[in-house]
Amino acid sequence: MKLIKKGLLDTWQSLPMYGLQHEGIPPGGAMDIFSLQIANALVGNDVYDKALEMHFPAGVYQFEKSTLLAVCGADFTACLDNVSIPMNQPIKVPPGAILSFAKPASGQRVYVATRPLLDEQVSRVKILPWSMNPENVFTDEPIRILCGREWDQIKACSQQLVLSKSFGISPTSNRMGYQLVQEPLKMVSTSSMLSSAVTAGTIQLLPSGQLVVLLAGHQTTGGYPRLAHVISADLPRLAQKGHGDSLRFTLTDPTTAEYEWIFIQNYLQQVRNVCALKLSQHRFDHR
Amino acid sequence: MNPQIYELGDSALTIEFGNEISGNLHQEVMKRFYQFQSVPLPGTLDLIPAYTSLTIVFDLGVVASRFQGLKGMKNLIEEKLAEPFSAVIPEGRLHEIPCLYEGPDLAFVASNCGLSEADVIRIHSEKEYHVFFLGFLPGFAYMGTTDERITVARKEKPVKIQAGDIGLAGNQTGIYPSASPGGWQIIGRTNTIPHFRAGDRVRFIPVPA
Chain A
1220 MKLIKKGLLD TWQSLPMYGL QHEGIPPGGA MDIFSLQIAN ALVGNDVYDK ALEMHFPAGV
1280 YQFEKSTLLA VCGADFTACL DNVSIPMNQP IKVPPGAILS FAKPASGQRV YVATRPLLDE
1340 QVSRVKILPW SMNPENVFTD EPIRILCGRE WDQIKACSQQ LVLSKSFGIS PTSNRMGYQL
1400 VQEPLKMVST SSMLSSAVTA GTIQLLPSGQ LVVLLAGHQT TGGYPRLAHV ISADLPRLAQ
1460 KGHGDSLRFT LTDPTTAEYE WIFIQNYLQQ VRNVCALKLS QHRFDHR
Chain B
64 MNPQIYELGD SALTIEFGNE ISGNLHQEVM KRFYQFQSVP LPGTLDLIPA YTSLTIVFDL
124 GVVASRFQGL KGMKNLIEEK LAEPFSAVIP EGRLHEIPCL YEGPDLAFVA SNCGLSEADV
184 IRIHSEKEYH VFFLGFLPGF AYMGTTDERI TVARKEKPVK IQAGDIGLAG NQTGIYPSAS
244 PGGWQIIGRT NTIPHFRAGD RVRFIPVPA
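Protein chains in written order, with my numbering: chain A, 1220 to 1506; chain B, 64 to 272.
One should not assume that every hint holds.
[Unchecked claim] With a Cα cut of at most 25 Å, we get these calculated BS3-like pairs of lysine-lysine:
1) B/134 <-> A/1405
2) A/1322 <-> A/1497
3) A/1269 <-> A/1284
4) A/1311 <-> A/1224
5) B/218 <-> A/1405
6) A/1345 <-> A/1497
Because the hints were derived from the structure by calculation, they are not lab data.
The shape of chain A in the complex, shown without the other chains (with noise of 0.2 Å):
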């Protein structure tokens, strides 16, 4: 792919990459890895490949082989050659299509994966026949939370306040975590915290009453008292969602947070066979 125009902010990503924590190297990765894997999974890339995250206004680019294309994530009415094309759909390009977007409708960061088509020559943009629909994991419902270690910092009314209110994203939010727009919430104590490990999820509490929460461009280690923690599942959701949207929590326990990532995990496994299965069978019968 050749790059026409830059983006505001186009990056590869893959999985998060563990295993340098102790040197200060967070595992980074993929804000929304649900979207990632499925718009791998819908190409036949692997797990551990990347793909093309972007944020509104997204960038311009050009195709220089003919590849296989899958648009997951964010609706930015994805268009080849200015015309529009279906999202969480393979579809299948020609050398010198031109992948854009047009207006952004939903979402906050559109993934795009790519595999090369080494024994085809495609010579026009062909969607093909299959598509997977990701609705059951961006719901509107809130987004779930566990206690932290300091949530008793807080006063029972400011507890009350972070489970009943909506809150405001601001717009200096980036992909270390989004600030949280709400009243200041109240301290009981303010006593100060030695540095220790944060993960993706953390909200944590500002001296000032304010909340972050930490996504996949974190710290490996924060300061500040550690109200909550965003549930693994509950991730993609929460990063599909951006300045202008309005975030409710709620708690729930551990044992929901495993078996709701075991959910999704079951699912996107599910979803690698049958799109390994479709695109073997479709080779097949187009040799």
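Model the placement of chain B on the given structure of chain A, informed by the hints.
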């Protein structure tokens, strides 16, 4: 010493050995870091040492489907902590770092602490520091503890800091490995940034301009 183990979200556990910055506590942290590094618990993705704690990040899919989730791992950790310790702890290396004490905040630190600039330089460079852990930026080592005579607060607002800048914050000192916003008081700089490991020792050697 009775370490506490608590959940950090749904896929990490933190083992807390105490709540003060001390060499002995940190030695316990590093001992356990090397124990769980040499014989990792199932599903381990990362081991993150800090001042008084060690956090183990797990692959939630592995621990939830095969080990009763974090609850099961908590029990396993308790068993491991009770077993006799056998891992080898590498000796901390000593890094001698040439430091040009000409930082933009040196004068502020001196006046804030009621010392001359020469005193600040002498006090900062005569002590050997311990690398407690790496965090904040890739390769940023939290070192301490500094002499209480040169204890200073962080800046209210972070400013732009260059790679190699050496700063103070509270009773900690550190070198910025890359340019970044930062709130530490910058007293000097170096062009030698070694590959630090938690447990290493550091000495700053004043160099003339």
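What are the numbers of the hints that this structure violates, sorted from low to high? Violated hints (numbers, rising): 1 and 2; every other hint is consistent with the structure.
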